[in-house]
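With the hints as a guide, bring the two chains together.
As given, the protein sequences belong to chains A and B, one line each in that order. The first sequence runs 28 to 141 under the numbering used here. The second sequence runs 2 to 116 under the numbering used here.
Do not take every clue at face value.
What the hints assert, rightly or not - The calculated lysine-lysine pairs, modelled on BS3-like cross-linking and capped at a C-alpha distance of 25 angstroms, are: (1) B:Lys96 to A:Lys84; (2) A:Lys98 to A:Lys36; (3) A:Lys98 to B:Lys96; (4) B:Lys108 to B:Lys59; (5) B:Lys70 to B:Lys108; (6) A:Lys84 to A:Lys36; (7) B:Lys50 to B:Lys108; (8) A:Lys36 to B:Lys108; (9) A:Lys36 to B:Lys111; (10) B:Lys96 to B:Lys70; (11) B:Lys108 to A:Lys84.
Hints were generated in silico from the structure; no laboratory data involved.
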Amino acid sequence: NAGVTQTPKFQVLKTGQSMTLQCAQDMNHNSMYWYRQDPGMGLRLIYYSASEGTTDKGEVPNGYNVSRLNKREFSLRLESAAPSQTSVYFCASSESQGALYGYTFGSGTRLTVV
Amino acid sequence: AQSVTQLDSQVPVFEEAPVELRCNYSSSVSVYLFWYVQYPNQGLQLLLKYLSGSTLVKGINGFEAEFNKSQTSFHLRKPSVHISDTAEYFCAVSKTQGGSEKLVFGKGTKLTVNP
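Next up, chain B with everything else stripped away, as it sits in the complex (with noise of 0.2 angstroms):
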């Protein structure tokens, strides 16, 4: 069963700091996989997304994540965060069940970024 796990509930950095939000999942078959922002009490919007090809995906905002297939994981970062980034961050795996393509997510990643 295809399924994500993200490793770190809460991640506090500095302005203009990397960073780095880490997930990992787990499935027997090829795999979809996908980050997703949530601003305060707001909807969640796709932040980039491995279909294949090449491992390093880049995305919106400047973030960007490496599918790497022996480790399982698909990694999230960006070079130099800025205040609007925080954020919680989802990643999340496709699941084929009757027929049909859904998602499941991982518990999220709390983003805070301090001045």
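If we strip away everything but chain A, and leave its shape as in the complex, we get (with noise of 0.2 angstroms):
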């Protein structure tokens, strides 16, 4: 099915591991989002990537680093996990013209940092 696939689906690190989130679209889309959602705080984006080979700070960039492998591919990479980036991770993907298409989510990423 067409859509965004995250992996993995559950992980959890110890504080100051490493570790990168995947995720990848089939919908031939320009612009790539990664979000976190934590209870009672909404969805807060953390990164995005409006085109290939551009990436941007969103409300909440500290802690993560980012990467546009290509059209299909935008990764999030945690270099040294602490316990508060203990959440669900949602990586987005739209037409460059999010807006008016709407955005498809991943089915989220449950990160727990202990």
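If you want it as structure tokens, here you go:
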């Protein structure tokens, strides 16, 4: 099925460990986004990529890095995980004018940092 | 700056009752507004959107929302809810920054439909 695929679905890390969250879309969308979801906080934008080869910071970028590997893939890296990064992470994609077409979301990665 | 406020964090209702989930936005320019739904352990999916034109917008699963510019609101309504509507609902507004569109989400409203 067409859509946004995130891996892994679950992950437990120890404080200080690093990991990369993977995201791939097969809808030929130009724009991709990483959000984190915390109880009572809604979704907050971490980083986004308006098009292949560009990335920009969102609302809460500290502690994260991203790579837009190609048009399909947009990864999120935690270099040194902290308990405050325990969250559910969502990747999304959209056409360039995302407001007109809406976003397509992946099913999320539930990350626990102990 | 564009932002949204969802006025209720939790809304419990009985099955077949009407429901309204409230959302207010703040923006100094024209806005695009959205409602998304998140079922347990799933990602978000688009319920409906307002871009322009008619202020009453119909979405999937019998939901509708009304854009009210004077009250800066975009409340979501359904005349008769089902158990299966139990989910978290997010209001969102588009924000243009650096030439690209992004969505800014409210904090969410958990709708619980009881039998």
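Going through the hints against the structure:
1. B:Lys96 to A:Lys84: holds, 14 angstroms
2. A:Lys98 to A:Lys36: Status holds; Cα separation ~22 angstroms.
3. A:Lys98 to B:Lys96: holds, 23 angstroms
4. B:Lys108 to B:Lys59: Judged against 25 angstroms, a Cα distance of about 22 angstroms means the pair holds.
5. B:Lys70 to B:Lys108: The hint holds at about 21 angstroms.
6. A:Lys84 to A:Lys36: This hinted pair holds, its Cα atoms lying about 24 angstroms apart.
7. B:Lys50 to B:Lys108: holds, 18 angstroms
8. A:Lys36 to B:Lys108: The hint holds at about 23 angstroms.
9. A:Lys36 to B:Lys111: With Cα atoms ~23 angstroms apart, Lys36 (chain A) and Lys111 (chain B) stay inside 25 angstroms; holds.
10. B:Lys96 to B:Lys70: Holds, at roughly 17 angstroms.
11. B:Lys108 to A:Lys84: Cα-Cα ~20 angstroms, so holds.
Comparing the model with each earlier hint shows no violations; every hint is respected.
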